[in-house]
Amino acid sequence: MPDRTLLPRNVPVQLIDAAGTEHPDEVYPTASPAVLTEGYRSLVISRRVNDQCYSLVRQGRLAVYPSSQGQEACQVAAVSVLDDGDWLFPTYRDSVAVMLRGVAPADAMTLLKGDWHCGYNPHEFRVAPQSTPLATQLLHAVGFAHAAVLKGEPTVVVALCGEGATSEGDFHEAMNFAAVFHLPVVFFVQNNRFAISVPLSRQSAAESLAHKAVGYGMPGEQVDGNDLAALLAVLGSAVDRARAGGGPSLVEAHTYRMQAHTNADDDTRYRDSAEVQEWVARDPLVRLRSYLRGKDALDDTTEAAFAAEADEVAATLRTALNADIAPDAAELFRHVYATSTPQLEEQWASLQGELERSAEGTTP
Amino acid sequence: MPDRTLLPRNVPVQLIDAAGTEHPDEVYPTASPAVLTEGYRSLVISRRVNDQCYSLVRQGRLAVYPSSQGQEACQVAAVSVLDDGDWLFPTYRDSVAVMLRGVAPADAMTLLKGDWHCGYNPHEFRVAPQSTPLATQLLHAVGFAHAAVLKGEPTVVVALCGEGATSEGDFHEAMNFAAVFHLPVVFFVQNNRFAISVPLSRQSAAESLAHKAVGYGMPGEQVDGNDLAALLAVLGSAVDRARAGGGPSLVEAHTYRMQAHTNADDDTRYRDSAEVQEWVARDPLVRLRSYLRGKDALDDTTEAAFAAEADEVAATLRTALNADIAPDAAELFRHVYATSTPQLEEQWASLQGELERSAEGTTP
Amino acid sequence: MTMLREDQPQVGAGVETLSMAAALNRALADELAADDRVVVFGEDIGALGGVFRITDGLTARFGEKRCFDTPIAEAGIVGSAVGMAMNGLRPVVEMQFDAFAYPAFEQVVSHVAKMGNRTRGAVRLPIVIRIPYAGGIGGVEHHCDSSEAYYVHTPGLTVVAPSNPQDAYSLLREAIRFPDPVIFLEPKKLYWAKGSVDVSSTATIGSAQVVREGTDATLIAYGTSVPIALEAADAAAAEGRSLQVVDLRTLSPFDDATVDAAVRSTGRAVVIAEAPGFASMASEVAARISERCFSWLEAPVRRVTGFDIPYAPPKLEHFYLPDVDRVLDAVDSLYWED
Amino acid sequence: MTMLREDQPQVGAGVETLSMAAALNRALADELAADDRVVVFGEDIGALGGVFRITDGLTARFGEKRCFDTPIAEAGIVGSAVGMAMNGLRPVVEMQFDAFAYPAFEQVVSHVAKMGNRTRGAVRLPIVIRIPYAGGIGGVEHHCDSSEAYYVHTPGLTVVAPSNPQDAYSLLREAIRFPDPVIFLEPKKLYWAKGSVDVSSTATIGSAQVVREGTDATLIAYGTSVPIALEAADAAAAEGRSLQVVDLRTLSPFDDATVDAAVRSTGRAVVIAEAPGFASMASEVAARISERCFSWLEAPVRRVTGFDIPYAPPKLEHFYLPDVDRVLDAVDSLYWED
Ligand SMILES: Cc1ncc(C[n+]2csc(CCOP(=O)(O)OP(=O)(O)O)c2C)c(N)n1
Ligand SMILES: Cc1ncc(C[n+]2csc(CCOP(=O)(O)OP(=O)(O)O)c2C)c(N)n1
Ligand SMILES: [Mg+2]
Ligand SMILES: [Mg+2]
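Protein chains in written order, with the numbering used here: chain H, 29 to 392; chain E, 29 to 392; chain P, 23 to 360; chain R, 23 to 360.
Think of the hints as simulated: they come from the structure by calculation, not from any bench.
Check before you lean on any hint, since a few could be wrong.
So, partial list: chain E residues that the calculated Cβ filter (under 7 Å) puts toward chain R [stated by the list, open to error]: (1) 87; (2) 88; (3) 160; (4) 196; (5) 223; (6) 225; (7) 228; (8) 231; (9) 233; (10) 371; (11) 374.
The calculated EDC-like cross-link candidates involving lysine to aspartate or glutamate, where the alpha carbons are at most 20 Å apart (straight line), are [claimed, not checked]: (12) E:179 / E:112; (13) P:216 / P:261; (14) R:87 / R:57; (15) H:323 / H:311; (16) H:179 / R:58; (17) H:179 / H:112; (18) R:337 / E:384; (19) E:323 / E:50; (20) H:179 / R:86; (21) E:179 / P:86; (22) H:323 / H:53; (23) P:216 / P:57; (24) R:337 / E:352; (25) E:179 / P:57; (26) H:323 / H:66; (27) R:337 / E:356; (28) E:323 / E:66; (29) H:179 / R:57; (30) R:87 / H:181; (31) R:216 / R:78; (32) R:337 / E:359; (33) E:179 / P:58; (34) P:87 / P:38; (35) P:337 / H:356; (36) E:323 / E:112; (37) P:337 / H:53; (38) P:337 / H:359; (39) R:337 / E:382.
All residues carry an ideal CB built from backbone N, CA and C; glycine is no exception.
With the hints as extra help, turn the sequences into a complete structure.
Laid out in structure tokens, this is it:
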């Protein structure tokens with residue numbers, strides 16, 4: 029990303045179009061076929077996980093699932109550009125990214141299956157808990173990066189949000205803090221055109237969301253969010269810049285949420301299936317596959333291997349989520365404070381009493 | 029203001045420089061000497077009110093005074109561009125603007141003298157109560173304008189805030205709502221370089237605050253905030269645009285807070301008096317006076333008349349604030365709800381009992 | 023836009039069986055029809071009809087100017103409602119879930135609650151902030167908070183929480199006609215419970231109701247806890263104990279007269295609420311009764327509330343939620359000497 | 023930055039007479055010196071030293087990296103403190119006045135309070151949010167709120183409110199060392215009251231203290247209301263009534279043991295707090311005592327609190343604030359039979 033032109037490009041960066049044809053860019057290089065093949069593998073697994081979760085929610089094994097189907101290239105890219113010590117700050121829709129960062133797929137689904145915790149130790153994977161209150165996590169990302177700078181550590185932070193979340197005050201405050209303190213944060217907005225039912229036009233009247241960067245004095249760029257090559261290049265350059273002390277930047281990916289907001293949502297109420305169909309043609313997997321096929325970088329054997337691996341991930345996920353683990357009521361009280369309080373002790377004792385009485389069958 | 033260039037000018041619009049010399053602009057016309065003389069009159073009164081309040085606060089007649097000394101051109105312009113039916117949404121620093129809108133000077137100081145209410149009926153003067161929680165009033169302004177549009181009324185709303193307030197989330201949400209709903213709001217930021225002790229550089233890393241407009245898809249412009257002619261032209265064009273259905277815009281005025289944040293503040297802790305001195309040379313009154321003198325639009329008689337009028341305003345203010353009006357405890361309860369509640373009735377009865385007992389001298 | 027007001031609902035007079043969701047939808051529609059100053063807005067409340075479908079069909083029927091989606095910004099929604107109300111409209115806004123109302127907290131506390139007072143009544147804000155509240159629906163984190171304590175503690179707000187379709191209908195209409203801001207808490211888990219609704223019936227904000235007579239002890243409940251109180255009273259009756267149930271309906275201002283009379287008539291009281299108990303609405307009720315009915319009380323006022331922990335997730339919420347057994351345990355502890 | 027921790031303050035051991043403001047400043051300095059993970063930030067807390075000068079000199083002494091100003095954005099301040107704490111620092115942030123903490127409410131309730139729980143303890147947030155609270159300083163609107171009810175009701179927060187320089191010093195140091203987030207409420211009007219401070223003395227968060235012995239009734243107070251309680255006890259003593267005074271010091275978690283023992287020893291109680299009384303900290307204290315000490319109580323627990331109105335302006339605040347007379351009136355109403 030160029031260092032200091034005020035305005036972002038007014039068209040999204042695209043390196044491989046929907047047909048799989050490459051359009052070389054003078055600023056952003058296309059990654060090697062080897063790198064992109066590895067990316068394709070992640071796309072295949074990610075898509076499979078999205079599909080698997082769709083089934084699991086219908087079987088009642090997940091309480092809710094906000095699918096990233098159609099946005100897998102964003103998920104893969106957000107994680108691919110990170111170094112091991114870097115941190116990711118994801119939202120509820122980024123379970124696939126969390127998984128790609130190393131968290132076991134079933135663990136990444138912990139909250140969604142109805143548990144009270146995020147399912148993984150953030151420090152182990154350098155992934156913050158997935159955040160539901162919109163845009164709030166962007167400030168955590170900023171603070172995290174600020175601490176890294178204060179401590180002299182080379183950490184870069186990638187903070188994710190949707191286009192709807194850019195309307196929240198916290199988005200603004202996060203962008204501004206990052207710019208004023210010149211922090212190594214890449215704000216990555218997955219503009220999937222909808223915030224539940226509300227279309228982009230109701231979130232912003234700006235030329236693009238990337239243009240919001242101008243108001244903070246940081247670089248912004250738009251990118252085709254279904255083009256993994258472009259995403260890797262643009263996000264990669266933003267991460268490099270941040271690591272080199274060049275400060276924060278804003279990347280907007282144009283993509284599309286192919287499924288309803290969650291299983292609980294009915295998207296026929298607010299969009300035409302024709303629009304959804306248009307985006308099928310821009311699928312991130314299809315175009316990359318055809319590009320790699322064209323480059324002879326992907327053969328049937330490799331494809332079969334990827335498919336098999338995806339099957340295995342899905343199977344593991346299925347098995348884990350099909351296991352019925354009895355919930356432990358004590359967990360409700362255990363982690364609220366580092367040291368429990370007299371009040372929680374009393375309350376837990378009283379609940380325990382109830383549970384014992386009902387186990388003894390004093391309640392019919 | 030031009031309709032749709034993305035970036036604001038990168039220098040503030042200036043029509044009359046600090047020496048009083050005119051620099052005609054191809055977009056923004058300089059108002060007639062007659063109009064500017066009228067503006068000068070307001071400047072003289074405004075300055076006098078600021079000075080008077082400075083004394084009154086030292087005499088304990090005001091609890092606190094956030095002075096707009098040095099920013100009088102902004103105060104005058106903000107009100108001058110309004111039609112009678114338009115609305116102004118001011119902050120705690122804009123008491124002079126409130127007064128210029130027709131509120132009796134002493135009434136405009138009601139909150140500052142320690143009373144529980146804003147001192148005027150907002151509907152009578154089309155001025156919202158002065159707002160202390162930063163940037164919150166910008167959303168009220170937006171809602172007000174939204175209602176006007178829904179009702180088909182031609183109202184334009186001018187919303188004021190300082191440069192520090194642009195860091196708040198509410199600033200962002202207000203700008204965005206105004207842009208998305210294409211509302212007749214002019215956001216007018218008085219960038220007086222300081223938010224209490226914190227300098228501009230700690231609020232924003234943007235090219236200018238006017239550049240923030242880009243992120244919302246509205247026009248922005250910077251203007252010399254000590255040049256009344258430039259302010260009238262830029263704000264006037266923004267108001268015209270809004271009234272014509274052209275939507276919101278953002279105007280940043282570069283000015284300077286000549287006194288401490290309030291009387292309670294000690295500005296020697298965070299700025300050099302040399303910096304303050306530099307701005308003395310850019311005084312909005314001095315330059316306009318010398319311009320008008322040069323145009324033979326201002327003679328000694330007129331000046332004397334303005335001075336006399338300002339004296340009179342100050343005298344009235346002084347008299348009003350020197351009057352000791354016994355506070356009425358009932359007022360504490362009277363307006364909390366349209367209809368009082370059983371709880372407030374009980375509480376007031378009990379306070380009344382106390383007051384009666386102490387009036388009867390049962391308490392020594 | 024004229025200032026037309028009609029006292030009778032425009033449509034559907036008569037008694038019908040409706041879910042609470044449908045009753046709320048009807049109340050909105052009837053007020054939109056009756057008063058063209060009413061505007062409804064929020065997140066996903068237009069084409070989608072709200073995530074709980076409370077605004078279903080309103081945009082289609084009344085148009086984009088009366089019912090519309092906003093950008094996602096809760097302070098923006100509430101703050102612009104303030105401005106709209108200043109300019110003569112009567113905004114009814116929806117917060118999607120109660121934890122998502124927190125970004126609007128400053129607007130609510132520092133402006134919505136105070137505007138009437140700081141303008142000596144010159145600017146009153148007839149705003150209704152609708153908040154689906156509480157749990158019991160298997161919602162993931164941040165979707166099931168019971169946030170009433172924050173609002174009832176704030177002077178200047180009026181806080182309402184209906185427990186059945188009739189009250190939901192009547193109180194929402196009344197809230198929209200109210201001169202001051204109303205926080206209207208909708209018990210999510212009762213959205214789909216049905217009841218008969220007389221759309222010609224009116225309600226008074228500020229009045230509690232004895233919804234079941236009883237002589238041995240008084241259960242005081244609101245919103246989601248009313249059905250539990252009623253069930254507990256049924257169960258107790260089977261065991262020969264006669265429990266009275268009071269539905270607060272309005273949390274603030276508080277109907278001391280009804281509650282005092284009820285508690286004094288039985289001499290024993292249990293307060294039931296889903297929110298964490300510490301410094302909560304239930305604390306206030308317990309403190310008030312303990313003070314005002316001191317000489318009548320045979321036993322300490324018990325509170326059956328949520329634990330002082332973040333709201334429990336779907337898999338554990340049955341441990342968290344006040345239920346009939348917990349209420350009966352509390353009743354059992356009321357120093358029965360007989 | 024190393025993870026150095028030393029148990030002894032670096033400077034100024036010994037006993038000194040300090041104002042509460044100076045004691046707080048000293049506590050910050052001593053923790054900054056003792057632990058280089060501590061960072062202090064907020065609005066105007068650098069060069070200016072804070073509008074109340076609590077951070078005076080800290081930037082000069084410890085540098086811009088340890089104590090710095092931020093843009094004006096309270097959610098930004100608290101939200102970035104969350105991220106910093108996740109990354110191993112111990113942020114101490116200042117909210118300039120308590121009404122100006124409201125923009126951070128979502129961050130406080132949905133993240134600060136819950137992070138430990140939602141990560142099963144893997145991510146604890148050692149954040150201190152300092153809030154100058156309450157009135158009595160002639161402040162204009164929005165500058166004198168008592169907002170403790172909002173925080174004490176929120177599970178996961180620890181809420182502290184000292185009433186004298188010694189506790190202010192010891193509790194702030196302890197709060198900074200605490201593994202969980204602490205809301206640290208500083209009674210503005212006591213900033214300039216002096217007292218002796220032993221900087222080697224340590225404090226325990228969670229413990230109330232009987233600050234005056236007495237046998238006839240117990241006054242329960244915290245923060246700004248403690249000096250009033252003590253004064254009232256003096257006045258009552260002159261009239262032959264012996265009042266015990268408990269200073270809560272920590273509002274949540276609550277020290278039931280100390281409070282219960284105190285109230286049971288006298289059989290009468292008055293709770294004093296400046297915040298509006300409805301659904302407040304005082305409600306909780308009254309409700310708890312009424313329940314837990316039922317059989318000991320000779321009279322209803324009285325509350326002397328602020329009225330349920332927006333905080334009064336300078337000219338009227340003397341009508342609003344709980345004072346000695348009001349406390350004595352409440353004491354007089356405690357069913358004295360002799
Ligand atoms: C503060 C807040 N307000 C409202 C919500 C409810 N909500 C959850 S997701 C969502 C839409 C978000 O849209 P977007 O940011 O575009 O992300 P997407 O779901 O499309 O990935 C809304 C309104 C929330 N989670 N947090
Ligand atoms: C939400 C909020 N946070 C903090 C404050 C305290 N405060 C009052 S004025 C001020 C500085 C504002 O600076 P700016 O917006 O530049 O306006 P100016 O005072 O310079 O006119 C601050 C921090 C406040 N009033 N509201
Ligand atoms: Mg989206
Ligand atoms: Mg300023």
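The hints, checked one at a time:
{"no.": "1", "hint": "87", "verdict": "15 Å, violated"}
{"no.": "2", "hint": "88", "verdict": "10 Å, violated"}
{"no.": "3", "hint": "160", "verdict": "5 Å, holds"}
{"no.": "4", "hint": "196", "verdict": "5 Å, holds"}
{"no.": "5", "hint": "223", "verdict": "6 Å, holds"}
{"no.": "6", "hint": "225", "verdict": "4 Å, holds"}
{"no.": "7", "hint": "228", "verdict": "10 Å, violated"}
{"no.": "8", "hint": "231", "verdict": "5 Å, holds"}
{"no.": "9", "hint": "233", "verdict": "10 Å, violated"}
{"no.": "10", "hint": "371", "verdict": "6 Å, holds"}
{"no.": "11", "hint": "374", "verdict": "10 Å, violated"}
{"no.": "12", "hint": "E:179 / E:112", "verdict": "18 Å, holds"}
{"no.": "13", "hint": "P:216 / P:261", "verdict": "28 Å, violated"}
{"no.": "14", "hint": "R:87 / R:57", "verdict": "14 Å, holds"}
{"no.": "15", "hint": "H:323 / H:311", "verdict": "19 Å, holds"}
{"no.": "16", "hint": "H:179 / R:58", "verdict": "10 Å, holds"}
{"no.": "17", "hint": "H:179 / H:112", "verdict": "18 Å, holds"}
{"no.": "18", "hint": "R:337 / E:384", "verdict": "19 Å, holds"}
{"no.": "19", "hint": "E:323 / E:50", "verdict": "10 Å, holds"}
{"no.": "20", "hint": "H:179 / R:86", "verdict": "13 Å, holds"}
{"no.": "21", "hint": "E:179 / P:86", "verdict": "13 Å, holds"}
{"no.": "22", "hint": "H:323 / H:53", "verdict": "18 Å, holds"}
{"no.": "23", "hint": "P:216 / P:57", "verdict": "27 Å, violated"}
{"no.": "24", "hint": "R:337 / E:352", "verdict": "11 Å, holds"}
{"no.": "25", "hint": "E:179 / P:57", "verdict": "13 Å, holds"}
{"no.": "26", "hint": "H:323 / H:66", "verdict": "14 Å, holds"}
{"no.": "27", "hint": "R:337 / E:356", "verdict": "9 Å, holds"}
{"no.": "28", "hint": "E:323 / E:66", "verdict": "14 Å, holds"}
{"no.": "29", "hint": "H:179 / R:57", "verdict": "13 Å, holds"}
{"no.": "30", "hint": "R:87 / H:181", "verdict": "14 Å, holds"}
{"no.": "31", "hint": "R:216 / R:78", "verdict": "17 Å, holds"}
{"no.": "32", "hint": "R:337 / E:359", "verdict": "11 Å, holds"}
{"no.": "33", "hint": "E:179 / P:58", "verdict": "10 Å, holds"}
{"no.": "34", "hint": "P:87 / P:38", "verdict": "29 Å, violated"}
{"no.": "35", "hint": "P:337 / H:356", "verdict": "9 Å, holds"}
{"no.": "36", "hint": "E:323 / E:112", "verdict": "30 Å, violated"}
{"no.": "37", "hint": "P:337 / H:53", "verdict": "51 Å, violated"}
{"no.": "38", "hint": "P:337 / H:359", "verdict": "11 Å, holds"}
{"no.": "39", "hint": "R:337 / E:382", "verdict": "18 Å, holds"}
In summary, the numbered hints that this structure violates are 1, 2, 7, 9, 11, 13, 23, 34, 36 and 37.
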